[in-house]
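From first to last, the protein sequence lines stand for chains A and B.
Position 206 of the first sequence, counting from 1, maps to 205 under numbering that gives the first Met the number 0, and the rest follow consecutively.
Position 92 of the second sequence, counting from 1, maps to 91 under numbering that gives the first Met the number 0, and the rest follow consecutively.
It should be emphasised that the hints constitute simulated quantities derived from the structure, not laboratory data.
Some hints could be false.
Only part of the chain B face toward chain A is listed, based on derived beta-carbon distances under 8 Å [stated by the list, open to error]:
{"no.": "1", "residue": "61"}
{"no.": "2", "residue": "149"}
{"no.": "3", "residue": "184"}
{"no.": "4", "residue": "187"}
For lysine to any residue, the following SDA-like pairs were computed, each having C-alpha atoms within a straight-line distance of at most 20 Å [said to hold, decoys possible]:
{"no.": "5", "chain 1": "B", "residue 1": "77", "chain 2": "A", "residue 2": "5"}
{"no.": "6", "chain 1": "B", "residue 1": "5", "chain 2": "B", "residue 2": "175"}
{"no.": "7", "chain 1": "B", "residue 1": "77", "chain 2": "A", "residue 2": "184"}
{"no.": "8", "chain 1": "B", "residue 1": "5", "chain 2": "B", "residue 2": "15"}
{"no.": "9", "chain 1": "B", "residue 1": "77", "chain 2": "A", "residue 2": "192"}
{"no.": "10", "chain 1": "B", "residue 1": "5", "chain 2": "B", "residue 2": "186"}
{"no.": "11", "chain 1": "B", "residue 1": "77", "chain 2": "A", "residue 2": "6"}
{"no.": "12", "chain 1": "B", "residue 1": "77", "chain 2": "A", "residue 2": "4"}
Here the structure is a predicted model, which is why all the values come from computation and not from measurement.
Each residue gets a CB set at the ideal place from its N, CA and C atoms; glycine is no exception.
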Amino acid sequence: MSYHLNFAAVWRNFGRLGWGLALSLELAAIGIAAGVIIGLALALFAQGRGRVVRTLIAAYVEFIRNVPLLLLVYLVFYGIPSVGGFAYSATTSFVVTLSIYAGAYLVEVFRAGLDAIPRGLIDAGRAIGLTPWQRMAYVQTPTMLRIVLPSLSNAFISLFKDTAIASVIAVPELTYGANWISTNTFRIIEVYAVVTPMYLVTGWTLLLLLRQVERRYALRRA
Amino acid sequence: MMVMVKALPFLWQGLLVTLQISAIVVTIALGLGLLFGTALTYAPRWVAWPVRAYSDIARGLPLITLIFFVYYAMPALKVNVSGWWAAVAALAAFETAHVAEVTRGALQSIHPGQTEAGRAIGLTFVQRMLYVIFPQALRRFLPPWINTVVDTVKGSALVSLVGIVDLMLAVQQVIGRTFQPLPLYVLGAAIYFIINYTLSQLSRRLEARFAYVRE
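Only chain B is shown next, with the shape it has when bound in the complex:
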């Protein structure tokens, strides 16, 4: 029990790194994912096809393999990038593909009549997206999107494998000094659980909140 309390300040530093990496990845994945998802749904084939290929490849590989590959291959290709950014880029590439699919699903759930109506009153594509499609798609987008945020926080534990001292590696380092694996893994699990459970509950709450809408 004492070891858990004493480890807390050290784990706190790791937690901050986990949260920081998650926040950066979630921001990048949200921006690019919305763009790619919209491209998957509405873009002409020569734009949509490369995005589809990217999405299928990024989602078809294990995240851990993607992280190892980006981390080790960048120096071999003479690309000068820090290990931190390599890991963040791999995680972001993975989550972007997932957000793109969530966006595509949300956009496709909107009845085509909405687009036709927007077109009939002379709205441009951007106006149709901003005023007609996105506001309606939001309720289909938010719950699964929060699940991708949970996946990001969980996936960020894998950056510990390339030497970034996040919560996971902080736990490992404390174990390396105290030789008490069980209490510290349980403590680490509890911290991850608190963050992710809060997010999952939020997702579930929103889903229930939006459930009244029937197409």
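One chain only, chain A, in its complex shape:
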């Protein structure tokens, strides 16, 4: 093999990768935060509602889960402004898409979590005279969050990987940085030899940290 490795081009442009990774993490963090808000709101709202509300929420969930994220990103970035007569930055567009995407996955997670709350806990809340709102705020939501904590950390890591799709609309995250360097310097092997460990180490570090949090706070389903 006559290929000579030369990492100089990668190190010279390392800022693009470093800041790209930071932006990836930022996007994932905003995505999970917005997703939790959407998911929590819809899951709590759907409780004990009629068929219409449940069907609408199911339609949202099923649509998002069965369409490629790439297509959703294009749809929001190119499709909607073309008829709306307005525009937004690529980053804003991606954050919105990722939040809607995360919301659809988390509604299901929270719904399952609410179902897993022991019946007696809610009855106990009723017995000591908590109003429905108080039961939701002090009994159901905190318990449910502790039950679904492992699913939440998996969702966060999964979203971190999904941020790579933002590169297709030129959001300068890690994969975009990798593409930029490889098209401008042709040092493809070297770029990916650096980017691959960046993704893996970040992902595994997040996993380890979140497992620690889970060990402290998660409730095991009996």
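Use these hints to put chain B onto chain A, whose structure you have.
Chain B alone, transformed into the frame defined by chain A:
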């Protein structure tokens, strides 16, 4: 509305490519994934460890990064492979790791007593797998496996980024000529939705069907 109808024959060609790529990837991932999953569960450490490393790396990277890497790095490494196969190989490597984990989960859900009983009546490893473990693990395997098929169809949209005219790129090309992004993206989404929703429902139905079994 007219643009959607007129685009259909062209999108049909793209859809065929999407389905073809998905079918090839699902077949490769099923074969290798079953093998790797069995290795993860039963093989000695020196076999299981490399498989574990492969699985963790393939699942730890974004699929899009994996596809770009395989697609661009193969020529740089002087490996002569078409762009089509590079993209299919990347997708297959990703899905194989997921199928391997699904297989491992299904196999580990079988009570060790089943293996011990098989061993006690003198079944070889292959016989135990074929007649005792796999038939019982099947119900734990099928629903999540169908979910990996859905992920494959969705993931195959990413091959459009390396110039393969699948459904996603066909949609993009029609938009390039008609300048009507919204109706065409919605149409593309609808086609993906129909395929994947059917599969998801099948998975859910099977899960409900097998739910009566309690260990």
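Need the status of pair residue 5 of chain B, residue 186 of chain B: alpha-carbon distance at most 20 Å? Measuring from Cα to Cα gives roughly 12 Å; hence the hint holds.
Hinted pair, alpha-carbon criterion (20 Å max): residue 5 of chain B, residue 15 of chain B. Please report holds or violated. Answer holds: residue 5 of chain B to residue 15 of chain B is near 17 Å, not above 20 Å.
Let me know if the C-beta of residue 149 of chain B comes in closer than 8 Å to any C-beta of chain A, holds or violated. 7 Å, holds
Agreement of residue 77 of chain B and residue 4 of chain A with the hint, judged by alpha carbon distance not exceeding 20 Å: 14 Å, holds
Against chain A, is residue 187 of chain B within 8 Å by beta-carbon distance? 6 Å, holds
Could you grab the alpha-carbon distance between residue 77 of chain B and residue 6 of chain A and see if it respects the 20 Å cut-off? 19 Å, holds
Within 20 Å, alpha carbon to alpha carbon, are residue 77 of chain B and residue 184 of chain A? 18 Å, holds
Is residue 5 of chain B close enough to residue 175 of chain B, meaning Cα to Cα at most 20 Å? 14 Å, holds
Given the hint that residue 77 of chain B pairs with residue 192 of chain A, does the C-alpha gap stay at or below 20 Å? This hinted pair holds, its Cα atoms lying about 17 Å apart.
Interface hint status, residue 61 of chain B versus chain A (Cβ within 8 Å): 3 Å, holds
Tell me if the straight-line CA distance from residue 77 of chain B to residue 5 of chain A falls inside 20 Å. Distance of about 17 Å is within 20 Å: holds.
Would you settle whether the hint for residue 184 of chain B is holds or violated, based on the nearest Cβ-Cβ distance to chain A being less than 8 Å? Cβ of residue 184 of chain B sits 4 Å from chain A, so the hint holds.
Going down the numbered hints, you'll see the structure goes against none, and every one checks out.
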